[in-house]
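So the protein lines, in turn, are chains V and P. Per the working numbering, the first sequence runs over residues 33 to 478. Per the working numbering, the second sequence runs over residues 10 to 115.
Because the hints were derived from the structure by calculation, they are not lab data. A couple of the hints might just be wrong.
Said to hold, decoys possible - Footprint (simulated), chain P over chain V, 3 or more residues, beta carbon under 8 Å:
hint	segment
1	131-145
2	244-253
3	323-331
4	345-352
5	386-392
6	415-422
7	448-459
Said to hold, decoys possible - Below, computed lysine-lysine pairings styled on DSS-like, alpha-carbon distance capped at 30 Å:
hint	chain 1	residue 1	chain 2	residue 2
8	V	Lys336	V	Lys470
9	V	Lys451	P	Lys97
10	V	Lys154	P	Lys37
11	V	Lys154	V	Lys470
The beta carbon of each residue, even a glycine, is placed where N, CA and C say it ideally should be.
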Amino acid sequence: MRTIRIGSGAGYSGDRIEPALELAEKGEIDYLVFECLGERTVALAQQARMKNPDSGYDPLLEERMRAVLPVCAAKGIKIVTNMGAANPEGAAKRTAEIAKSLGLSSLKIAAIVGDDVLDACKERDFPIMEFDGTIRQLGNRLLSANAYLGAEPMVQALSGGADVVITGRASDPALFLAPMIQAFGWPMEDWNLLGQGTVAGHLLECAGQITGGYFADPPYKDIPDLARLGFPIGEVAEDGSLVVTKVAGSGGAVTARTCKEQLLYEVHDPTQYIQPDVVADFSQVKIEEIAADRVRVSGGRGAKRTGTLKVSVGYIDSYIGEGQISYAGPGALARGRLALEIVRERLKLTGVSTNELRFDLIGVDSLHGAQLSAGANEPYEVRVRVAGRTENLREAVRIGNEVETLYTNGPAAGGGAWKSARDVVAVASVLLPRELAKPQIRFVGE
Amino acid sequence: MRLREIAHSRTGDKGNTSNISVIAYDEKHYSLLLEQVTSERVRAHFTGVVEGEVVRYELPDIAALNFVMTQTLGGGVTRSLALDAHGKSLSSALLDLEIIASPDNT
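The following block holds chain V by itself, in its conformation from the complex (with noise of 0.2 Å):
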């Protein structure tokens, strides 16, 4: 049976680069492919876009496309990327330009477009899920709206012979799934091959996540040389089993417990998996070690998908300003509480007008409050944070400032004050009526 590898080269935008390489070099993978595209990315790289219309694309695009494209060229390895983020067009253009310098002038670059559908939100208007509120109402706080596209488009590029396909907004384990259905010719209603290739696709999608990043907790859980930590490889075969794996000799591990986590990672009711392609269905998966550092993973099914998209809304939600100082030695935290108390009567004192309002004291309570930290032994050494939510950006740095001032006002010994205010572009979600996204494929230079 026909089985291709498809190599994970990045989880996130800002991720490591010579780990892809080695995939490239070492990996015999037949697809190299860049998850960088986090909830809100696009929504900032729209912003940046409205700066510079030449702009918009993933910031570490070139870094990373000069150290693969060599490689994958000489070795035939088609890469697919969301890299593009708010304008896959640009980042294809760039490739190119990239490629041509690096010699590699015959390679074909696609991008796909039409997963902004901004305009087709505005003029219908819709309903914001997490809360009450439509997208008109957003008013001018409005920023982007880019649907979750499928694999259909990314595997029309792949048989129109792109050695590289540059997404913007689509789902995560799609672009693991668009080479499966391409290279196998799957249809696009077997739910549960469909399924299954999702289950590859979501555990492949976040890289080092599977192979023991984020997985590391001596002495229960040791994982060898993080530092060195390969990324995975998913071999596929034409029937959809699966086998995860990695580089030889890289660092890390892929067991059944590190397939396990990743399998549930960010999933909510696991029958239901949501998809632009298929309703994927976890629950039945079983995982096996087979040898070490292979692992198979079978069981999973899908249902029809739906009939519409999820659309990611970026928009300025408010302006958050915060302070930080710290205290250490002998009675820290109570000079650690004292400037809490200080910075919250200041707060009054001086009228800052927040919505909300949050006091940490980092290395005590600060991330899980007050009943789960009641336990702890007093530290050494405590931070003061103070944090809130405002309407402008006036108020937020007026938060920080109140911190700052404990250096020559508040308890003794205070150091290291650091202060910041900044917008917050938070994203939102609607449902979008499948056939308003018309997702279009360019090859660059035609």
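Please arrange chain P on chain V, whose structure you already have, making use of the hints.
Then chain P, alone, in the frame of chain V:
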């Protein structure tokens, strides 16, 4: 004993919802997880963290539970004031849960 002795865990995030998997190291402990790691106990453990509900899903084929906790991430990962906006550190807190072992289930 602590849950950490028999299970491992990973947190994921979507919007204002956190999910935490609890996976038995050894399949024989799955029944202990089913009996003792209930939605109610997880909700109580995370008092002050989880503002919404806790729903438990069961995955017997991999001896795992999946807890989905709504209104948990400070209004949503992309807008939260929290230091750990994703809630990635929550899984470690859950592994501190006390589990009562009896002679026939250890």
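Notebook entry, point to check: Taking 8 Å as the C-beta cutoff, is the stated coverage of the segment 386-392 of chain V by chain P satisfied by three or more residues?
Noted result: holds (count 4)
Note to self: If you count the residues of the segment 345-352 of chain V with a beta-carbon closer than 8 Å to a beta-carbon of chain P, do you get 3 or more?
What the structure shows: The restraint on the segment 345-352 of chain V holds, since 3 of its residues have a Cβ under 8 Å from chain P and three suffice.
Next item on the list: Tell me if chain P covers the segment 415-422 of chain V under the three-residue, 8 Å CB rule, please?
Entry: holds (count 4)
Next item on the list: Confirm or reject the coverage of the segment 448-459 of chain V by chain P under the rule of 3 or more residues with a beta carbon closer than 8 Å to the chain's beta carbons.
Entry: Held - the segment 448-459 of chain V has 4 residues with a Cβ nearer than 8 Å to chain P, which meets the minimum of three.
Checklist line | Proximity test - 8 Å, beta-carbon atoms, the segment 323-331 of chain V to chain P, at least three hits | finding: violated (count 1)
Margin query: Tell me whether the statement that chain P covers the segment 244-253 of chain V is true, taking a Cβ distance below 8 Å and needing three residues at minimum.
Written below: Answer holds; 5 residues pass the 8 Å Cβ test.
Item checked: Given pair status - lysine 37(P), lysine 154(V), alpha carbons within 30 Å -> Violated - the C-alpha atoms of lysine 37(P) and lysine 154(V) are around 54 Å apart, more than 30 Å.
Next item on the list: Would you mind confirming whether the straight-line C-alpha gap from lysine 451(V) to lysine 97(P) stays at or under 30 Å?
Entry: holds (24 Å)
Checklist line | Distance restraint between lysine 154(V) and lysine 470(V), which requires alpha-carbon spacing of 30 Å or less | finding: Holds, at about 16 Å.
Next item on the list: Confirm or reject the coverage of the segment 131-145 of chain V by chain P under the rule of 3 or more residues with a beta carbon closer than 8 Å to the chain's beta carbons.
Entry: violated (count 0)
Note to self: Next pair to validate is lysine 336(V) with lysine 470(V); report whether the Cα-Cα distance is within 30 Å.
What the structure shows: Holds, at about 20 Å.
Violation of the numbered hints given earlier is confined to hints 1, 3, 10; the remaining hints are satisfied by the structure.
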